[in-house]
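So the protein lines, in turn, are chains A and B.
Quick note: the first sequence uses numbering that gives the first Met the number 0, first residue 0, plus one each step.
Quick note: the second sequence uses numbering that gives the first Met the number 0, first residue 0, plus one each step.
Worth flagging that the hints you see were computed from the coordinates, not collected in a lab.
These numbers come from a predicted model, not from an experiment.
All C-beta atoms in this analysis are idealised placements derived from N, C-alpha and C, irrespective of residue type, glycine included.
Keep in mind that the hints are not guaranteed to be accurate.
To be verified - Partial list, computed: chain B residues near chain A (C-beta under 8 Å):
(1) 29
(2) 37
(3) 88
(4) 153
(5) 156
(6) 164
(7) 174
(8) 234
(9) 236
(10) 350
(11) 363
(12) 367
Unchecked claim - To give a feel for the contact side, a few chain B residues facing chain A, derived at Cβ under 10 Å:
(13) 131
(14) 135
(15) 179
Claimed, not checked - Calculated from the model, a selection of chain B residues having no Cβ within reach of chain A, i.e. all distances over 10 Å:
(16) 35
(17) 39
(18) 62
(19) 136
(20) 173
(21) 207
(22) 217
(23) 224
(24) 237
(25) 279
(26) 286
(27) 300
(28) 311
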Amino acid sequence: MSNPKHDKGEHYLTTPKAEPFLERLIFNNRALILIAFFFLTLFLGYNAVKIQPDASFERMIPLEHPYIVNMLEHRNDLENLGNFVRIAVEVEEGDIFTQEYMETLKQITDEVFYLNGVDRSGLKSLWTSNVRWVEVTEQGFQGGTVIPDNYDGSSRDSLEQLRQNVLRSNEVGRLISDNFRSTIVYAPLYENNPETGEPLDYGEFSRQLEEKIRDKYEAQNPNIDIHIVGFAKKVGDLIEGIGSIAWFAGITIILTTLLLYGYSRCITGTLVPVFTSIIAVFLQLGTLRLLGYGLDPYSVLVPFLVFAIGISHGVQIVNAMAVEAAKGFDSVTAARLAFRALYIPGMLALISDAFGFLTLFFIEIDVIRDLAVAAGIGVAFVILTNLVLHVLIMSYLGISKGGVRHVQNHGEKQDRKWRIMSYFAHPGVAPISLLIAVIGLGLGLYYKQDLKVGDLDQGAPELRADSRYNKDNAFIIDNYSTSADVLVVMVKTEEEQCTQYNTLRAMDTLQWELQNTPGVQSSASLANVSKLVTKALNEGNWKWYEISRNQTIINASIREAPAGLINTNCDLTPVLVFLEDHKAETLKTVTERVEEFASNNNSDEHTFLLGAGNAGVEAATNDVISSAKNMMLIFVYGVVASLCLLTFRSIRAVLCILIPLGLTSILAEAIMAVSGIGIKVATLPVIALGVGIGVDYGIYIYSKLEKFLLEGKTLQEAYFETLRSTGKAVIFTGVTLGIGVVTWIFSPIKFQADMGLLLFFMFIWNMVGSIWLLPALARFLLRPDRMVAKARASK
Amino acid sequence: MATRLMCKTLGAACLGVSMAMSAPSVFALADIIETPSRPTMLAAENLLNDADRAGERIVAAGERGHIIFSDDQGETWVQGQVPVSATLTGVDFGTEAEGWAVGHSGVVLHSGDAGKTWELQLTGIEAAELAIESRQQQIEEMEQKIEEAPEEEKADLEWALDDLFFSMENLESDLEIGPVNPFLDVWFENEDHGFVVGAYGMFLRTTDGGETWRDWAPRLENPTGFHLNAITQITGGALVIVGEAGQIFVSVDGGESWEKRESPYEGSLFGAIGTGQVNEVLAFGLRGNMFLSTDLGKSWKVVPNEAGATLNNGAVSDDGRITLVGNGGTVLMSTNGGTSFRPYSRDDREGVMDVVPLSGTNLLIVGEGGVKHTDARGKNLQ
């Protein structure tokens, strides 16, 4: 138990002689401040409740990157290119050539036709009239709809006729799977409703797909399975995923409350920190809304952090008050003393948290900057609610008798535990700890070599590999000749010049260059269309598979080109490059090849611009992330180091605090490499958050340790006293922070799960590092005698 | 130097190797006939239009100036060095070492080393100039003829003269754009003597191994300028050309003079092959139409064919078996000298452009999807 006299010491960490100004200001106006908080909470809480989910995906991409600038500039020309859903209707038993299947497919086609948002003219399925078979005859072309005119479905003849038409339709691999066990209903979507101009509500559209298509028809025809993919579906699933956050919030609050009670054995000491932390969350959310922000899948996580930070610092207050109360002080005095003891390390810790967040501003992606703003605001409110509101409420309510007893009783048994742990500072144990740390460092460095930038998994990286969406996606990739990863190169020409021979030939050459590049599966552009149709116009003879030099023939060949391949002015035409995956290396190789080609071939006639498509966006994002990563690390460590240096005025102290953090950062990267998590929009902030928040433990531990060393204790003895007074709070802090984020691991949104896993590791391991490694480092780095001498000299 | 493709099996394994191959850098684009074909591991998996034997070696030509050859029955392929990137449509070897390939932009390529390296002998520009020159000569001769002809024949001759003018104007306006028209097939008798045929009735002959060419179109009765799709020699030595709108021409004097045959069909014929019997020829084309003649094309019999896809080419194996290949994965086989065929439809349904019989009854087919090894029916091996 610390001696009250010590608290009257002269060191900056212990309270100054008199009541500091802040303490007087707060404690002399207790009622007034509480009332102010009440109204502030009412006002901001009202706003917080009204905050809207905001899945604006434009905010998730690096808007300043040239690829994205190009993409957005030509967005209207490319609009319908990527925005469609594909609904694969699969037969479980048998094949598609049955009456039942065709009937279900017809009903699904009709149902999709009437879905709000579908561009009906572009809708394609076996049952739409735009899906035809064509054959060259002596007289010219002959063709018809794939469904025979006299189709009745019941006779074997009409089904056989259907099979024939399907085979000659050229749609096998596109609308019809190679194994004839599924077909696709392809529905292009309007970004904005052409009648009302309203943007498509992805959440609603996705729900309708589930209800009106998947659920309805799977129930109606038990022999079919429905698989749906497309940007709109993915966004819909993400929006739905945000909803599950509410559950996580509930679970986190319950777990934290239980843990807190186990810790304090005091109802007020449990409920007040939970209450004030929730208030901090409301204040944060309300302020966000007033500033015009919504909740996106990233910033929705900030309230968890705010809550956890609130609790973890609240624990320090409860702990300090219980200690003071145990000495016999009344609740107001206990609260004052707790405030006096904690407002500096508390503020330091919280300010370093905030600075950690602010380093996220280096990443030129709006969601991450929003995250920084949200977290910064949150931490600012935690300083208020935790150091002011919390203390004031506690000053009225006090620590319960049970809580005080719990602090008093922790004696013998606890002390033995702390005694054993104090050996971390022992000259015999410390070298072993350091050796283990060095081995850990070595392993970490070894494994982190495999760390990759970007998303590594197949399919939609935002969602889990085993999510419904990604399973559907895998089904379509397996059964159809199609890739989910598309890089779009935009070819810009003068108006009406986008089909010139030279331009088409340059596109064709680029495509071939890319198809010879590792990671590229195939490509498509007007050049392909022109060659294929030229071939078709020459009686289907493959010997004519070439771009004609004759512009009249080119024009004839692209007359029926898909709308997405040519814009209305004919001054922009895309080259679609289908990739095997969206790994950073693949994207880098391919984009570099395109840029090289562009710099050699851009001319007055045509300019090749990168890059749209999901792969273009990812390439740009990776670019931004890799260049931001080191900047951010340097800055976050720089800020934390300066703050520690400013506070403790000792390089040795800074090293003691930062080395465990560094080890954790490296191990976290190794874990990322081993578990296949890349550095991406979601995981880069984790490094900043982990360091910014992780430093708190070191600050709390070191400030106590230094205090006891200055009292003349030996290192191990000082560390024992440190553990006795704050060890429990620090461990508890680590655990609460961990619990605050651990529920995310179960999020249906993959990047939230990744963030949860990494933050959980960093919070827990930073805590372990500060308890275990910090004293070992202190054994080698600190010179207690000199510290005492220096402190005396400065007096 | 040719690029070695060291892949045991075509397809996946090749891709693996291609990663290791350093890519040449991309320079600003020259005209397609001045751009050498890019070294690639993918030539054997992309469109190949024609194949021929150069001794034991198999040589195939296709899109983007690809010419590949194999010395191990098509197991591994090496890409030849080709100075153009245009789609190639035909390849033929006059001897084991001397071969010619033709294609779009009117290119004629020659190899003296059995397909390893190729040089450009003729382009569509020169071909068009030759044709224009020859048309002018024809016009002069015709004008002469009209003057000398009796009155009652003059009207017909005037029509023919109009045709010639029309043909020349077309050639001239095409030439303004560039070498727009493709050659579609090539046949060489030996290292000196050969023919190329092509779009709009293009027909050239060389007797000095391609050093010089003469426009031979006037020897064919083809005033409308129908496409000439294929030229072949049948057993007995006669030469046969087939083309658009059922055109059939036969020469029994080594190509000096040609006779137009009455066609059994008004649609396009894409290929003709000898059956292995003297003076017997099979002609085939659009929608699987097929005709057999045993008298040098003087009379034709329809060969029934259930498969309705266009037939492109064919070959006769040592055992007399005839295989025809076509669009939509069609492979037809006859063991009775071409009187009837058994159809087979390949799973991939890709167009097949040519077939080369291998040892045993196996086949090597080339087409839309590159090279494939198949059994006698056309079913993929393995």
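These are the hints, each one checked on the structure:
A least Cβ separation of about 11 Å between residue 29 (chain B) and chain A goes past the 8 Å threshold, and the interface hint is therefore violated. For residue 37 (chain B), the suggested interface contact is upheld, since its CB lies about 7 Å from the closest CB of chain A, less than 8 Å. Because the smallest distance between the Cβ of residue 88 (chain B) and any Cβ of chain A comes to about 4 Å, under 8 Å, the interface hint for this residue holds. The closest approach between the C-beta of residue 153 (chain B) and any C-beta of chain A is roughly 35 Å, which is over the 8 Å cut-off, so the hint fails.
Proximity of residue 156 (chain B) to chain A is violated relative to the hint, the smallest CB-CB distance being about 31 Å (cut-off 8 Å). Taking 8 Å as the C-beta cut-off, the interface hint given for residue 164 (chain B) is violated, the closest approach to chain A being about 21 Å. Restraint check, residue 174 (chain B) versus chain A: the minimum CB separation of about 11 Å is more than 8 Å; hint violated. Hint on residue 234 (chain B) is violated. Least Cβ distance to chain A is approximately 25 Å, over the 8 Å limit.
Interface hint status for residue 236 (chain B): violated, as the beta-carbon distance to the closest one in chain A is roughly 26 Å, over 8 Å. Contact between residue 350 (chain B) and chain A, as hinted, is supported at the beta carbon level, the nearest pair being about 5 Å apart and thus within 8 Å. Interface restraint check for residue 363 (chain B): the shortest CB-CB distance to chain A comes to about 17 Å, outside 8 Å, so the restraint is violated. With a least beta-carbon distance of about 6 Å to chain A, the hint placing residue 367 (chain B) at the interface is held under the 8 Å criterion.
Given hint, residue 131 (chain B) at the interface with chain A, is violated; its Cβ is 17 Å from that chain's nearest Cβ, farther than 10 Å. Taken as an interface hint, residue 135 (chain B) does not check out: its beta carbon lies about 23 Å from the nearest beta carbon of chain A, beyond 10 Å. Taking 10 Å as the C-beta contact cut-off toward chain A, the hint placing residue 179 (chain B) at the interface holds, the least distance being around 5 Å. Once the 10 Å rule is applied to beta carbons, residue 35 (chain B) is consistent with being away from chain A; the minimum gap is 12 Å.
Chain A draws residue 39 (chain B) into its interface by the beta-carbon criterion, the shortest separation being 5 Å against a cut-off of 10 Å. The claim that residue 62 (chain B) is not at the interface with chain A is violated, since a C-beta of that chain comes within 10 Å of its own (minimum 6 Å). In this structure residue 136 (chain B) is separated from chain A by more than 10 Å, as the shortest Cβ-Cβ distance comes to about 26 Å. Consistency note on residue 173 (chain B): stated as away from chain A, yet its beta-carbon is not over 10 Å from all of that chain's, at 8 Å minimum.
Chain A leaves residue 207 (chain B) outside its interface by the beta-carbon criterion, the shortest separation being 27 Å against a cut-off of 10 Å. No beta-carbon of chain A comes within 10 Å of the beta-carbon of residue 217 (chain B); the shortest separation is about 24 Å. Here residue 224 (chain B) stays apart from chain A, with its beta-carbon at least about 15 Å from theirs, past the 10 Å limit. For residue 237 (chain B), the condition that its CB be more than 10 Å from all CB atoms of chain A holds, with the nearest at approximately 24 Å.
Listed as a non-interface residue, residue 279 (chain B) keeps its Cβ farther than 10 Å from every Cβ of chain A; the least gap is roughly 25 Å. Separation of residue 286 (chain B) from chain A is inadequate, the least Cβ-Cβ distance of about 6 Å not exceeding the 10 Å criterion. The beta carbon of residue 300 (chain B) is kept farther than 10 Å from every beta carbon of chain A, the shortest such distance being approximately 19 Å. Not every CB of chain A lies more than 10 Å from the CB of residue 311 (chain B), the least distance being 7 Å, so the non-interface label is violated.
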